[in-house]
Amino acid sequence: MRTKITTEKRASGRNSRGNRGNAKHQKWYKETPLAQMQKATWRRYNSVSGWRCKIPQQNKEYKILSGMKKKTSKFDVIEIKNGHLKVVGNRAGGSLPKEFVRQGGNYLFINGGFFTMDRTVPIPQEYARYYERVVGEDHTFVWAGPPLKRPVNLMEAKFKWTNQNARIRGSLAHANQPNEYLVLVKTSNGNKYIFVYTAENARIGGGKGKGQSVNEMRELIILWFKQSHKTFRVSSITQFVNMDGGGNIYVSWNHGAEETMIA
Numbered sequence: 001m002r003t004k005i006t007t008e009k010r011a012s013g014r015n016s017r018g019n020r021g022n023a024k025h026q027k028w029y030k031e032t033p034l035a036q037m038q039k040a041t042w043r044r045y046n047s048v049s050g051w052r053c054k055i056p057q058q059n060k061e062y063k064i065l066s067g068m069k070k071k072t073s074k075f076d077v078i079e080i081k082n083g084h085l086k087v088v089g090n091r092a093g094g095s096l097p098k099e100f101v102r103q104g105g106n107y108l109f110i111n112g113g114f115f116t117m118d119r120t121v122p123i124p125q126e127y128a129r130y131y132e133r134v135v136g137e138d139h140t141f142v143w144a145g146p147p148l149k150r151p152v153n154l155m156e157a158k159f160k161w162t163n164q165n166a167r168i169r170g171s172l173a174h175a176n177q178p179n180e181y182l183v184l185v186k187t188s189n190g191n192k193y194i195f196v197y198t199a200e201n202a203r204i205g206g207g208k209g210k211g212q213s214v215n216e217m218r219e220l221i222i223l224w225f226k227q228s229h230k231t232f233r234v235s236s237i238t239q240f241v242n243m244d245g246g247g248n249i250y251v252s253w254n255h256g257a258e259e260t261m262i263a
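The opening residue of the sequence shown carries number 1 in full-length UniProt numbering; numbering runs sequentially from there.
For the record, the hints were derived by calculation from the structure and aren't laboratory data. For clarity, every value in this text was computed on a predicted model and none was experimentally measured. Treat each hint with caution, since some may be false.
What the hints assert, rightly or not - The list that follows gives simulated cross-link-like pairs (lysine to aspartate or glutamate, EDC-like), each with its CA atoms no further than 16 Å apart:
#	residue 1	residue 2
1	27	76
2	98	259
3	149	219
4	30	61
5	71	216
6	98	258
7	74	61
8	63	219
9	69	219
10	158	126
11	230	61
12	63	216
13	86	137
14	81	137
15	30	76
What the hints assert, rightly or not - Derived CB-CB ranges, DEER-like:
#	residue 1	residue 2	range
16	125	229	35 to 43 Å
17	96	140	12 to 20 Å
18	258	96	13 to 21 Å
19	258	153	38 to 46 Å
20	223	125	28 to 36 Å
21	155	38	40 to 48 Å
Heads up, the beta-carbon is just placed ideally off N, CA and C, and yes, glycines get one too.
From just these sequences and the hints, can you work out the full model?
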């Protein structure tokens, strides 16, 4: 299934307020307003080499880049204030992003949940407690996981990457493997955040790739909140859930008939 998060007001032009931030640091950090009145803001962090000697250590960007740990990785954060979430997709036959992008208005489009292209399958019993419903304001929903309000116990047998676990449709055994991740956070003030971690050679299945575990992703997100919102409290999070991972990640900002790819 796919998810759209729309803003309440339409922007008058694409990225109408331009990029912000220190121009000499934009190789590693860039902030892009996506809609007027700061209704939607995209922040990108890029850990390509050189930032440690260019960005002052007291800067929050330095601390966030330090939390990424892996070289040649990107961390995208999209903040939408009082956005409206809606789950879209086809019940059968699969859903492709091109069916739901460039449809007018302002919205962030992401994918989420596990899927098969040929038929609907139930959530596997072994992992049922690690899935939760992501519900839109119109009561549409999709199941996704694992939830991340608390660290996931990756020592449990079900999170070991074995051939048996990997064959289960909807398995979450990838959670302790180096991987890319797409996470949704909702907060008590009505804001929604999408966090995307991507990396070169982010392999899964015991490889020594440049991805990270789902708990490392959780730590990075909490670090971002603490650096970006000084009054942040974990208790202000109403939902914190992994939506997807790996090569299936798709995130784009849509303004009218224009689509800006994010990940």
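Hints, verified against the model:
1. A distance of roughly 14 Å separates the Cα atoms of residue 27 and residue 76; the hinted pair therefore holds under the 16 Å criterion.
2. A C-alpha spacing of about 10 Å is found between residue 98 and residue 259, which places the hinted pair at or below 16 Å, so the restraint holds.
3. Distance hint between residue 149 and residue 219 is fulfilled; the C-alpha atoms sit about 11 Å from each other, no more than 16 Å.
4. Among the hinted pairs, residue 30 with residue 61 is consistent with the structure: their alpha-carbon atoms are about 10 Å apart, no more than 16 Å.
5. For the hint pairing residue 71 with residue 216, the CA-to-CA distance comes to about 15 Å; that is within 16 Å, so the pair holds.
6. Of the supplied pair hints, the one linking residue 98 and residue 258 holds, its CA atoms being roughly 12 Å apart against a limit of 16 Å.
7. Distance restraint check for residue 74 and residue 61: the Cα-Cα separation of roughly 13 Å lies within the 16 Å cut-off, and the hinted pair is therefore satisfied.
8. Only pairs whose Cα atoms come within 16 Å are accepted, and residue 63 paired with residue 219 is accepted, the gap being roughly 12 Å.
9. For the given pair, residue 69 sits about 11 Å from residue 219 by alpha-carbon distance, which is consistent with the 16 Å threshold.
10. Distance restraint check for residue 158 and residue 126: the Cα-Cα separation of roughly 7 Å lies within the 16 Å cut-off, and the hinted pair is therefore satisfied.
11. Taking the CA atoms of residue 230 and residue 61, the gap is about 14 Å. The hint holds against a cut of 16 Å.
12. Of the supplied pair hints, the one linking residue 63 and residue 216 holds, its CA atoms being roughly 15 Å apart against a limit of 16 Å.
13. Of the pairs offered as hints, the one joining residue 86 and residue 137 holds, with about 7 Å between alpha carbons and a cut-off of 16 Å not exceeded.
14. Among the hinted pairs, residue 81 with residue 137 is consistent with the structure: their alpha-carbon atoms are about 14 Å apart, no more than 16 Å.
15. Between residue 30 and residue 76, the direct Cα distance comes to roughly 10 Å. Compliance with the 16 Å bound is thereby established for this hinted pair.
16. Between residue 125 and residue 229 the beta carbon distance is about 38 Å. The supplied range of 35 to 43 Å therefore holds.
17. About 18 Å separates the C-beta atoms of residue 96 and residue 140, a value consistent with the hinted range of 12 to 20 Å.
18. At roughly 19 Å, the beta carbons of residue 258 and residue 96 sit within the given window of 13 to 21 Å.
19. Hint check: residue 258 to residue 153, Cβ distance near 43 Å, so the stated range 38 to 46 Å holds.
20. Checked against the hint of 28 to 36 Å, the pair residue 223 and residue 125 passes, with Cβ atoms roughly 34 Å apart.
21. The hinted range of 40 to 48 Å is satisfied by residue 155 and residue 38, whose Cβ atoms lie roughly 42 Å apart.
Taken one by one, the earlier hints all hold for this structure without exception.
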